[in-house]
Structures are given as C-alpha cells and as structure tokens.
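Peer 1: Chain order of the listed sequences is A and B.
Under my numbering, the residues of the first sequence are numbered 73 to 379, in order.
Under my numbering, the residues of the second sequence are numbered 157 to 420, in order.
There's no promise every hint is true.
Unchecked claim - Computed spacing ranges between beta-carbons, pair by pair:
1. P403/B <-> A183/A: 30 to 36 Å
2. P226/A <-> E242/B: 31 to 37 Å
3. N323/B <-> G184/A: 29 to 35 Å
4. P136/A <-> E242/B: 53 to 59 Å
5. G238/A <-> P188/B: 55 to 61 Å
6. G306/B <-> D247/A: 42 to 48 Å
7. G196/A <-> E242/B: 54 to 60 Å
8. A296/A <-> K283/B: 40 to 46 Å
These are calculated hints, taken from the structure and not from any lab test.
The C-beta atom is built at its ideal place from N, Cα and C for all residues, glycine as well.
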Amino acid sequence: MPRISRREFVWRGAAGAVAAPFVLDPAPLGAAAVTAQEIVDRIRNAVGVDWKASTVDTFKAGEPSTPVTGVVTTSLATIDVLRRAVKAGANMVITSGPTFYSRADTPAPPAGRGQSASPQTRPGDPVFAGKNEFIKANNLVVWRFSDHWQLRTPNPFAQGLTDALGWSGYRSSGDPARLMVPPLTLDALAARVKRSLDARGGVRVVGSPQTRVRSIAMLPGTVAIQQAVAVLPGVDVIVAGEIREWESSEYARDVVNAGIGKGLILVGRSLSEDAGMRVCAEWLRPIVRDVPIRWMPAGDPYWRPAT
Amino acid sequence: MIAADVVERMKKNLGVAWREASFRDTFKSGGPDTPVTGIATTVFASFDVIQRAVAAGLNMIVPHEVTFWNDRDDQTLVSGDTLVFEQKRRFLAAHNVVIFRMHDHMHDQRPDFTYIGSARELGLEAKYETATGSHRFTVPETTLGALAAGVQKRVGARALRVVGDPNARVSRIQLGVGYATPPVNAPDIDVMISGEQQEVDGFLDSPEYVLDAAALGIPKGWIMLGHAVSEEAGMLEMAQWIKGFVPEVPVQLVKAGEPFWAPK
C-alpha cells in the first residue's frame with residue numbers, strides 16, 4: 073500500500089473517492105520494471121487528445137529508459153517537491169509547470185542571463201547546478217504534462233479547483249468550470265479559496281468584499297483579456313490563475329467602479345494547477361498499476377508580511 | 157491651450173527623439189484639438205480615475221498604462237464586453253476627456269521617472285545606489301522578512317507578494333518596474349523588488365527559481381509590488397515635469413491605486 077499523507081487521505085475521504093485503488097497489485101515476480109518512456113507511451117495512448125507536433129510535454133531531465141520506482145504528480149517540480157519524491161521512494165516526476173524556470177526549460181540559463189555586474193568571470197549558476205546535481209544523484213526523471221492534460225474534457229485543472237473547494241455538486245450543466253453555489257460574499261469566497269488551496273500570500277482579489285456571489289467561473293492557468301470580457305458578464309466571479317495586470321484586473325476594477333457587483337480572484341498560476349495534478353494522479357492509477365502514484369502539491373510560492 | 161500643445165511641449169522637453177512608430181504613446185480618447193482645462197497624470201486611466209479627474213476639472217489624462225485593458229488599447233479586442241466598455245466610452249465623450257499615454261518615452265527619458273518614483277517611495281536613497289541609473293542598491297544587511305515588512309509599510313500595498321526565505325540575510329537590491337523584471341539569477345543580487353511577472357512559461361524569471369534558491373540555502377528574494385503600485389509613484393515626477401512647461405492649467409497626480417486586496 074502506498075503511503076498516503078494525511079492531507080491526501082483527508083481529501084480522498086472528503087471527496088468520497090473511495091473507488092481509487094488504495095492497494096496496488098504487486099508487480100509479478102521477475103517482471104521487468106516499467107520505464108519512464110513506457111509510462112509516457114501509456115499516457116499518450118490514454119489521454120484521448122491528438123498529440124501535438126510542437127509541445128512542452130517532453131522529458132526535461134533524466135533518461136526515458138530509467139526503471140520507475142514510483143510516480144509523483146505536481147504543478148511545479150521544485151527542489152522541494154523532488155526531495156519529497158525521493159523520500160517517498162519515487163523517481164519519476166510528472167509536472168504541469170516547467171522544471172528549469174522558463175518555457176524553453178533548458179537545464180542551463182539562457183546566454184547573458186545571470187551575468188554579474190562586476191567584471192569577474194561569470195560563475196556557474198548555483199541554482200541550476202544544484203538542481204541538476206540532485207536529479208542526477210537520485211536518478212530522477214522529470215516529464216512535463218500540460219498541453220495535452222488541459223485539453224481533456226472536462227478541464228482537469230478546473231475539476232481539481234472545484235473538488236478542492238468542495239463544490240463538485242454545484243456544477244452547472246456538469247461543467248466543473250461553471251458553478252452555481254449557495255449565496256456568499258466575495259470576502260467569504262476569497263477566504264474559502266485561500267483555505268481550500270492551502271494558500272499563503274498568493275491570493276489577490278478585485279471587487280467589493282460584500283458583493284453577493286452565486287455563479288463562479290473557474291479559469292485556472294493564464295487568462296487573456298479576450299476570455300475575461302467574454303466570461304465575466306455571465307458570472308458573478310472569475311477565479312483565475314494569473315492574468316496580465318494591464319488587462320483583466322483593470323477590466324474588473326472598471327466593472328466594479330461602474331457599480332456592477334462582480335469580482336475577480338487570482339490564485340497564481342502554479343497554485344491554480346496544483347489540484348488539477350491531483351486529478352492527474354487519480355487518472356494515472358489505473359493506467360500505471362505497476363508502481364505507486366502520489367500527488368505532491370508544490371504549494372503557494374508566495375507569502376505576505378504580517379500587518 | 158489644446159492637447160496638441162501639451163504633447164508638443166512634452167516632445168520638446170523629453171531629451172530623446174520621439175518614436176513615431178510607438179503604438180503606445182498616442183491619443184486613446186479625444187484628439188489633438190481638444191481644449192485642455194487641466195491635466196491628470198496616473199498609472200492607469202481607470203474609470204474611477206477618469207471620473208475623479210473630471211470632478212477636479214482636469215479633462216486631459218496622461219496615463220503610463222492603458223485605458224482599454226490591452227497594450228494596444230485596441231477597442232475591437234474588448235468591445236464584446238457588455239458591462240462597462242460602452243459606459244466608459246460614453247463618459248469620456250460626454251466630458252470631452254482627452255487621453256494621451258506616456259509609456260515608451262517615459263522609459264526612454266533620463267532619468268526614467270518610474271524608477272525615480274519607486275525608489276523614492278521605497279526609501280531607496282541615492283546614497284545606496286551602486287551607480288547612478290543602475291537601479292542597484294546596497295543597503296545595510298537585513299532579513300528578507302524585515303525588508304518586505306518595511307516595503308509593505310512604505311508603499312501600503314495590501315496584496316504585495318514575496319518569494320524566498322524570510323530569514324535570508326540580504327543587502328543587495330535590484331529595482332525593476334512594471335513588467336520589466338531584472339534577471340532573477342544575477343549572482344550579485346539578493347533581492348528583486350519589481351512590479352509584475354509572468355509566473356510560469358516565461359523567458360526565465362520565475363518565482364520557481366527563488367523557491368529553488370531558498371531550498372539550496374542561497375539567499376535570494378523577490379518582492380512583487382504589483383504593476384500599478386510599482387509604476388504609480390513616478391507619475392508624481394511626471395506631473396511635476398509637465399507642470400514645468402505647462403503653466404497655463406493645473407497639473408496633478410490622480411492616483412489609480414492598487415486594484416487588489418488580500419483575503420484574511
């Protein structure tokens with residue numbers, strides 16, 4: 073039986089997801105261990121969307137031929153998550169975010185970035201170096217799963233957010249991205265979002281705290297202004313990952329200043345995808361029965377000074 | 157005095173060549189012939205700012221940032237909005253408001269008032285700057301937690317965000333503004349103080365880098381003020397600059413303020 077953290081256990085219990093296999097079938101004696109590449113092949117076969125010719129969903133570190141001892145899903149393969157994975161006996165990490173701090177995700181900084189102001193020889197970047205060393209020393213494989221995972225219907229990131237809030241029963245027309253909830257204030261909703269996602273300082277809100285909320289759009293990830301102007305008129309509040317601050321937050325501010333009772337809650341891009349990678353762990357279990365599958369939330373990167 | 161006079165004088169006093177190709181620094185409402193009763197500088201020409209400017213008798217607004225919620229102020233991109241777009245346009249027309257954005261040229265100008273204003277507000281005095289215009293400051297050593305608390309107190313940002321170990325010992329600060337984040341992995345910088353940054357999938361500068369630095373025990377921090385907060389202070393310097401060559405009408409800062417608050 074895989075070890076399950078208290079938080080994961082509590083979540084499963086709360087969501088009533090008792091159908092998830094707690095006890096794994098032990099691999100038949102003498103059978104070859106599953107490799108990272110084989111797991112990726114199974115994912116590609118099962119995901120149900122056409123594989124893109126150009127995609128960020130590729131190996132970021134380690135050898136695809138590595139025999140896998142356990143899989144961890146997360147929104148961000150931080151050193152902290154990698155350490156927790158190793159501690160749990162897992163050596164394959166499936167992340168929805170980059171590993172090396174950029175979309176290009178190369179294991180060294182781009183040329184010219186990180187230059188010293190003083191005319192000394194540029195030292196090697198210690199953060200890239202430290203991460204690469206840890207990955208190598210622990211025989212880790214990191215694979216990104218973002219472009220294709222989010223194309224599934226219903227959107228697993230929206231489903232994860234809705235599950236985390238405990239509002240799966242309030243979907244309008246089955247879509248986890250659209251909720252109709254018992255009335256509450258924007259203030260109470262923001263507090264509930266913060267608590268449900270274990271946020272520290274990353275949650276930010278536009279709107280009047282006393283605004284009454286019933287309908288909510290869940291838009292995890294990065295939201296463009298075109299999407300915001302298309303969605304906000306039809307709901308009371310948008311809960312989004314991130315926006316550009318010269319776009320949707322200013323739009324929401326103008327709407328609110330026009331006396332219209334709406335709101336925008338931003339939770340941060342990574343935190344908005346954390347729960348969707350828990351959905352990914354659940355989805356992987358019947359596909360990869362050979363090794364334990366664990367969800368390890370990367371958590372909220374941000375904090376805020378106490379006032 | 158018409159809007160064209162104000163724009164001409166800004167061009168003349170700028171000290172750098174005007175970029176005719178700039179799509180940012182153009183009229184967003186009204187036009188060159190609009191008579192000007194007074195000038196408001198601000199970071200965002202929000203509906204609220206426009207209403208307060210009009211109430212104060214100022215019908216020309218010089219914002220650093222956008223009016224219609226996208227970088228090109230392309231109205232077709234947002235005209236599908238049924239909540240406030242038409243209302244904002246109608247208000248601008250009804251009160252004969254002229255809006256002329258000053259973004260690219262504000263950053264071209266020396267000094268760049270956005271940095272001057274932000275450093276002033278943050279208390280990053282000139283004596284701490286390693287070289288004039290470097291926006292790098294060496295301050296007496298402190299912790300990231302104490303520095304962030306001081307920053308929050310000074311700028312009053314309710315929804316300021318910080319990445320990094322609060323106990324990290326820091327003294328070398330790099331200031332960035334708006335969406336211009338300094339390289340997060342510069343080896344001789346402990347803390348970035350900046351406006352806004354794409355969190356994931358950018359060119360390099362991700363909070364994840366700071367999280368990993370902290371995990372490795374490397375002192376590194378990032379204080380994100382938010383775009384509006386980081387660039388609004390310098391609009392005071394912009395108002396004072398305009399006042400120097402437009403003595404005919406009142407010129408003042410009308411603050412847009414921080415759009416966000418944070419839940420308890």
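Peer 1: Between G306/B and D247/A, does the beta-carbon spacing fit 42 to 48 Å?
Peer 2: holds (45 Å)
Peer 1: Go ahead and decide if the range 30 to 36 Å is satisfied by the Cβ distance of P403/B to A183/A.
Peer 2: violated (50 Å)
Peer 1: Tell me if the beta carbons of P136/A and E242/B are separated by a distance inside 53 to 59 Å.
Peer 2: Between P136/A and E242/B, where Cβ atoms are some 55 Å apart, the hint holds.
Peer 1: Starting from the range 40 to 46 Å, see whether the pair A296/A and K283/B falls in it by beta-carbon distance.
Peer 2: holds (43 Å)
Peer 1: Go ahead and decide if the range 54 to 60 Å is satisfied by the Cβ distance of G196/A to E242/B.
Peer 2: This hint holds: roughly 56 Å between Cβ atoms.
Peer 1: Within 29 to 35 Å or not, the Cβ separation of N323/B and G184/A?
Peer 2: holds (31 Å)
Peer 1: With respect to the beta-carbon atoms only, verify the hint that G238/A and P188/B lie 55 to 61 Å apart.
Peer 2: Once the Cβ atoms are compared, 57 Å apart, the range 55 to 61 Å for P188/B and G238/A holds.
Peer 1: Is it true that P226/A and E242/B lie within 31 to 37 Å of each other by Cβ?
Peer 2: With Cβ atoms ~34 Å apart, the hint holds.
Consistency note: the structure conflicts with earlier hint 1 alone.
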